[in-house]
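A.B. asks: Residues per chain, in single letters:
Protein chains: 6
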Amino acid sequence: MSVVVRNPRRTERAVVDGLAACGVSTVHEAQGRTNLLDPALRPIYAGARVAGTAVTVSVPPGDNWMIHVAVEQCQEGDVLVVAPTSPSEAGYFGDLLATSLAARGVRGLVIDAGCRDVADLTRMGFPVWSRHVSAYGTVKETLGSVNVPLVCAGQLVQPGDAVVADDDGVVVVPRATASQVLEAARARETKEAAARERYAAGELGLDVNAMRDRLTSKGLTYVDAEDDQ
Amino acid sequence: MSVVVRNPRRTERAVVDGLAACGVSTVHEAQGRTNLLDPALRPIYAGARVAGTAVTVSVPPGDNWMIHVAVEQCQEGDVLVVAPTSPSEAGYFGDLLATSLAARGVRGLVIDAGCRDVADLTRMGFPVWSRHVSAYGTVKETLGSVNVPLVCAGQLVQPGDAVVADDDGVVVVPRATASQVLEAARARETKEAAARERYAAGELGLDVNAMRDRLTSKGLTYVDAEDDQ
Amino acid sequence: MSVVVRNPRRTERAVVDGLAACGVSTVHEAQGRTNLLDPALRPIYAGARVAGTAVTVSVPPGDNWMIHVAVEQCQEGDVLVVAPTSPSEAGYFGDLLATSLAARGVRGLVIDAGCRDVADLTRMGFPVWSRHVSAYGTVKETLGSVNVPLVCAGQLVQPGDAVVADDDGVVVVPRATASQVLEAARARETKEAAARERYAAGELGLDVNAMRDRLTSKGLTYVDAEDDQ
Amino acid sequence: MSVVVRNPRRTERAVVDGLAACGVSTVHEAQGRTNLLDPALRPIYAGARVAGTAVTVSVPPGDNWMIHVAVEQCQEGDVLVVAPTSPSEAGYFGDLLATSLAARGVRGLVIDAGCRDVADLTRMGFPVWSRHVSAYGTVKETLGSVNVPLVCAGQLVQPGDAVVADDDGVVVVPRATASQVLEAARARETKEAAARERYAAGELGLDVNAMRDRLTSKGLTYVDAEDDQ
Amino acid sequence: MSVVVRNPRRTERAVVDGLAACGVSTVHEAQGRTNLLDPALRPIYAGARVAGTAVTVSVPPGDNWMIHVAVEQCQEGDVLVVAPTSPSEAGYFGDLLATSLAARGVRGLVIDAGCRDVADLTRMGFPVWSRHVSAYGTVKETLGSVNVPLVCAGQLVQPGDAVVADDDGVVVVPRATASQVLEAARARETKEAAARERYAAGELGLDVNAMRDRLTSKGLTYVDAEDDQ
Amino acid sequence: MSVVVRNPRRTERAVVDGLAACGVSTVHEAQGRTNLLDPALRPIYAGARVAGTAVTVSVPPGDNWMIHVAVEQCQEGDVLVVAPTSPSEAGYFGDLLATSLAARGVRGLVIDAGCRDVADLTRMGFPVWSRHVSAYGTVKETLGSVNVPLVCAGQLVQPGDAVVADDDGVVVVPRATASQVLEAARARETKEAAARERYAAGELGLDVNAMRDRLTSKGLTYVDAEDDQ
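These protein sequence lines map, in sequence, to chains A, B, C, D, E and F. Take the first sequence: its letter number 99 is residue 99 in the working numbering, and every next letter is one higher. Take the second sequence: its letter number 36 is residue 36 in the working numbering, and every next letter is one higher. Take the third sequence: its letter number 161 is residue 161 in the working numbering, and every next letter is one higher. Take the fourth sequence: its letter number 42 is residue 42 in the working numbering, and every next letter is one higher. Take the fifth sequence: its letter number 102 is residue 102 in the working numbering, and every next letter is one higher. Take the sixth sequence: its letter number 160 is residue 160 in the working numbering, and every next letter is one higher.
Simulated from the structure, these hints should not be mistaken for laboratory data.
Under the rule of at most 25 Å between Cα atoms (straight-line distance), these lysine to any residue pairs were calculated in the SDA-like manner:
1) B:K140 / E:T216
2) B:K218 / A:L143
3) A:K218 / C:L143
4) F:K140 / C:Q31
5) C:K191 / C:G32
6) B:K218 / D:T177
Same shape as in the complex, but just chain A:
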């Protein structure tokens, strides 16, 4: 059955924006190293970092009709999350759809398939994380669904979840735990900022993290290189 779910509850905007500031690696750590999408999804250009609320789109292989349907369900602050029901290298998304999404305030696209018009998208500053770059076109023949739970690049994404994406990849944060994850992420950032200063000043991780005793107790041995090595 093909269905479009309207107005799913979305993760709170302030939380989403807070997660964007922390970035993927920190958020991923903050939620116990879970919910990271397959690293095969790469940004089409370097330097973008966004977070948004997921509008999910389940699409047939090689058919992007439902993306047009999904656009209408998007609001400012969303990120579109697209997954085909079987693997497809087709280029589902290009500059026209990006123009339409940008006009609605959508922050980016995460797609477990292909993307095209990447030079235009780069120029527009509309970020996309995709598995493929491919000019190969899609048809508009078969229905799918919008705003249903789906698996994208190996992770379950529910509509309204927070999605964070940057040069390190893409991570999804379930709506229910998002503010708690944000708190943990910020705590981690504070701790890392302190560590960073000490590292920059030349202190060693061995000392900053008090690792020496545990290393010794596990049996680590130091020897000097032989002269003629």
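Chains B, C, D, E and F: place on chain A using the hints.
C.D. replies: Chains B, C, D, E and F only, in chain A's frame:
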């Protein structure tokens, strides 16, 4: 038998230049979604867009001798298209060959194998679409052929065909149909420009393309999210 | 047994710096096309070129504890070379470790696994060549070794060897032969500079390298394209 | 949080056995071409066909401790479904665990990671569908969860769902819809049996499926080969 | 344009059968190491060796309609060769189509996409060489062409060409040169049979092929292992 | 420099045969999970298990000349280990070389490249572990070396080392530690045999390995499934 074919008929310059302006995705659509090379061929740097007439080179695995032979057959406005007879990751092409080709007005290289000296090529602005980047060198021992029909990255390329390449990939346009494809590509561009304006103004693809009735007749259903979703 | 070897003999600094100036492809040719790491190791950003003396780190899959141990063994001019004992896509390395290494004058990282915080590393100008980019974190549970010989991306690396890395990939130069390789690399550069000038002036490789007779003797045939091809 | 859920409701035995008789391709069609696991999961030997109720195990990369925990939750007629929280090529499963599972009447294993002792497992007739075959061992350090919903090879699997696996791959059937899917699968089988007889007798699919008019209306053209083709 | 070409000229039956007897590796050598399909195409079961005349089918991604059309064009002694216009992992072919083809005397299928029902096909003894095994179904919506030249797994196949397939892969032999290739293949077989006897009797390839002088002249050196190696 | 090293010291026959009896997974565990070759090397047929002393061959890409040279250095009980200096998918090895090796009592081949004639090799019972199966032929133009240390599929192999290969993959055991590894492997086997009996009798790994307390102390929680799950 190893053969070098001199002076194949080339696609008309004005047509080739017109195709370059349209870009790979549009040209690919304009010829019925055919003749797109394997998306595994990627540009060594972002932002280049070229079209040229194909000088084809069939090379043995790990042997770039015939590329030297091919250079002499190149004219201003050509693109070199190289395919090994069996898969090779070797770096067939570097800055010396690029210097030689650039001196003859060749616009770029498409190779279903490896390329090296990519920092130099980037600096020179000599664009290459390759399957691999690899420093591994090649020998000059075995003959191949120049300007014969060959399969490059899954598509048949005839000498003199138009080859278009940009950040979306590489597409070949047979000489015989090139002006007709250009016409179709331009028509598509005109149509897309109009659509782009409407999208930018906030209209939806559902309305721009009058999709709503067909979606309904196929059985698409809209529901509201439940409160506690 | 887990061991840290202190103060391995390092390749002479002047030799290492000379190799950096030549770059990966030239050095690889100069040592008989050997010791090139798997081209699947790619730089996290374009344009870096470094050489340094290898501090090697053998790590368990998904465990980066020994990188902390290795930092203490690093000196100015080193390059860290990390290989897991079985394949891992985890992100072993991020901006904190990079800060620590940069503070010691380390020139870069070569890792046959994943790296994260790539936007930060790009901003810092700390170059990394890795097989993966992945936010997925590592644990600190199991010992490994530092400054032992290891296989990284298919090549044997000894501590103190010279490692050269740029946009073309990564090559290792054994300490014992490094100055001899440098000499050969420089000779090659001189020869190539001369050839480059002739190519830029429009001379053909066929003539610059006197290839015509050998091509003919191997049976290469030239024909003219038929009119109606 | 690491949790073991005891006694999830399981799909009815008769339904599961009926699905096994239909096989993966038929069941997959019968539920609208959904819920097929990534075809990269392959059987370790040809010829097995099983169905069972899923006991799910979420495991850390390179750590098989939770599989031991999961065995206790298994009953006759189950299939173990294992997914790592990040990609791992390690060999999580071998003949000892298979012996333990076989003693409890478990019908097979589906794992989105590696398996080892495949010669022993083949001899025992204990079927496994895995992404990798690898001798590389795992540790027992970190907790995971048993009988929680998880994503395995790209599909959501709930504990108690029916899992069908054969030489064509692996498909999951949600418990709630399993008997309905079985009915549809059997209807499909009946229809296919009739078609098979007609095909075997030499009738064409064009006629069995009355395709000719639609092909003509779409514009299919028949021509005779030219003599000198 | 979608077209079905009827009655292409086919390679002579006796020649085709002779090529089958020689096998893929010998035929491939006999035609100068050309025309070998991508080794990623693997047989669904071991031990089959067939040759036949190509009936080619160009299909859209995920759509097997044209295979039904192609069946009608098949004669005894043919091999069906199917290539999608863009990469597809879908299972285009199963036991019903195989039943239909077998009823017409078709010898096998070569497909640069997926196949399913592999247990049934194995039981029937209908051999298939495919890139994927996948239960994922296809639609019947879009036209393609039958008996047009196409690129399958990287090689150009013309209708009526001889196609040879066994456990080593798939090779295509153009109709025009098939009898000449057969002759060369048989000559090679005779020579190899003689060599095989000498090898079995313990003679070395170095002597059978008189390689020692050339090795020495190229500089090969023999040394004895040091005692303490 | 190309060199053939004669008569390297070989691991003792009885030790090698003992390792074969233990198999790859057990030996790999017994030497601390080290020295396992890349699992991408697969046997060409199921069911073989061999161990032998390594005769190593470093070959250029696409050139199998040195394998002929290596045959002369082989003795009964050896396993040939071949690694190209850069990746190659070519079919370096077929039934003629196998006949020659079998005549000398060589037990099998491990090659980080391609193999062909796999139906013949299967019939002969000559086992091969290779990265590819490919009919593509090789030339005999360029020298390499025999019985030098080399990296094969990611692991260092020294001539005379023990190499164990079965359906789980390939592991190398350095000569110096081979008898100690054999001892550890046998101890492991004894222990596993005892455990296997207990598992077969229905005991759980949780109890056989006394895991329950540690699981609890790490925080594992058991809950009952909710009724309406």
